[in-house]
Amino acid sequence: MGRELGLYIKDARRGRWSFTRARAVRYAEQRGGSCCSCEARGHPFIMTVGCVAGDEESYEVFKELFDPVIEDRHGGYKPSDQHKTDLNADNLQGGDDLDPNYVLSSRVRTGRSIRGFCLPPHCSRGERRAIEKLSVEALGSLDGDLKGKYYALRNMTDAEQQQLIDDHFLFDKPVSPLLLASGMARDWPDARGIWHNDNKTFLVWINEEDHLRVISMQKGGNMKEVFNRFCTGLTKIESLFKGKNYEFMWNPHLGYILTCPSNLGTGLRAGVHIKLPHLGKHEKFGEVLKRLRLQKRGTGGVDTAAVGGVFDVSNADRLGFSEVELVQMVVDGVKLLIEMEKRLEKGQSIDDLMPAQK
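If you read the sequence shown in the working numbering, its first letter stands for residue 64, the second for the next number, and so on.
Hints are all accurate, no fakes.
BS3-like, lysine-lysine: derived pairs with alpha carbons at most 27 angstroms apart: (1) Lys338 to Lys421; (2) Lys344 to Lys398; (3) Lys287 to Lys421; (4) Lys212 to Lys263.
Just so you know, these hints were derived from the structure itself, not from any lab.
In this text the structure is predicted, and so the values were computed from the model without any measurement.
Using the sequences and the accompanying hints, generate a full structural model.
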């Protein structure tokens, strides 16, 4: 991993919660890679970050480690930069008419960390259970279209879990190196679960990679509706936690604090499952996505391949852009991808549609 990073590991400096540098980079060590790379052991199109935070203070106490990683992962984001937030869905232009012949489903997700608790890599069993209890109580106050129920993993059969995973509602079982090497899978499945509304269009994962993962999703291409539900639900959840005298980890520089440095800022991933059988095979597909600040993966998750020409396309950025700006990039980019796909269906060139770098 390099001499400089090795010195970090030997340094015994600890955060208030006794989370050490060695713990922060253990994931990178066990992966045999570096703290931030797109190398073969990671995803070929998605930058892999090989370190995690154990508490809110980690990003400050170990800033010599995290600042270069953050700058590398987030397009040159400097220690002096300030993040911006915009959760007003009315500011999104369009997005309610993505062609359903191509866009199979739309979703927006983010993570939230509850101030006063360690993050999952350093979370004790007692803290994890306290987070679950607090979250279930808060979510139980949601009403209207957001009203729902909590389902604890420990009470599910393997078949029930797998069905929720296959339907893209539930996080996968802890098999990824990120969860295992970082310690986030300890005591699994204790105090883990999923809360969702009756329509399964608004979901909250509890105690996976982050304390909370908030997700809005539905079939078809109405990203505007998905984002509106996301903003409304997220705002209500934050208010409910404040009513219990808890707040989410946030600061002006890094925005919302999450376990993995790759998710700092908005923590937001807006994505669609989209059919691109022709464009997906085109030699310029990767370049198009890069210019649009988008990334692709298989519909089964970060380490899966596309099947049947269907891709999961989402924003590549998290930090330094607002939530509205990131969703706007996806909406505008997906429209162009569909236009390109239609051209290729007719055997026509897409050279004149190549976008400039955003």
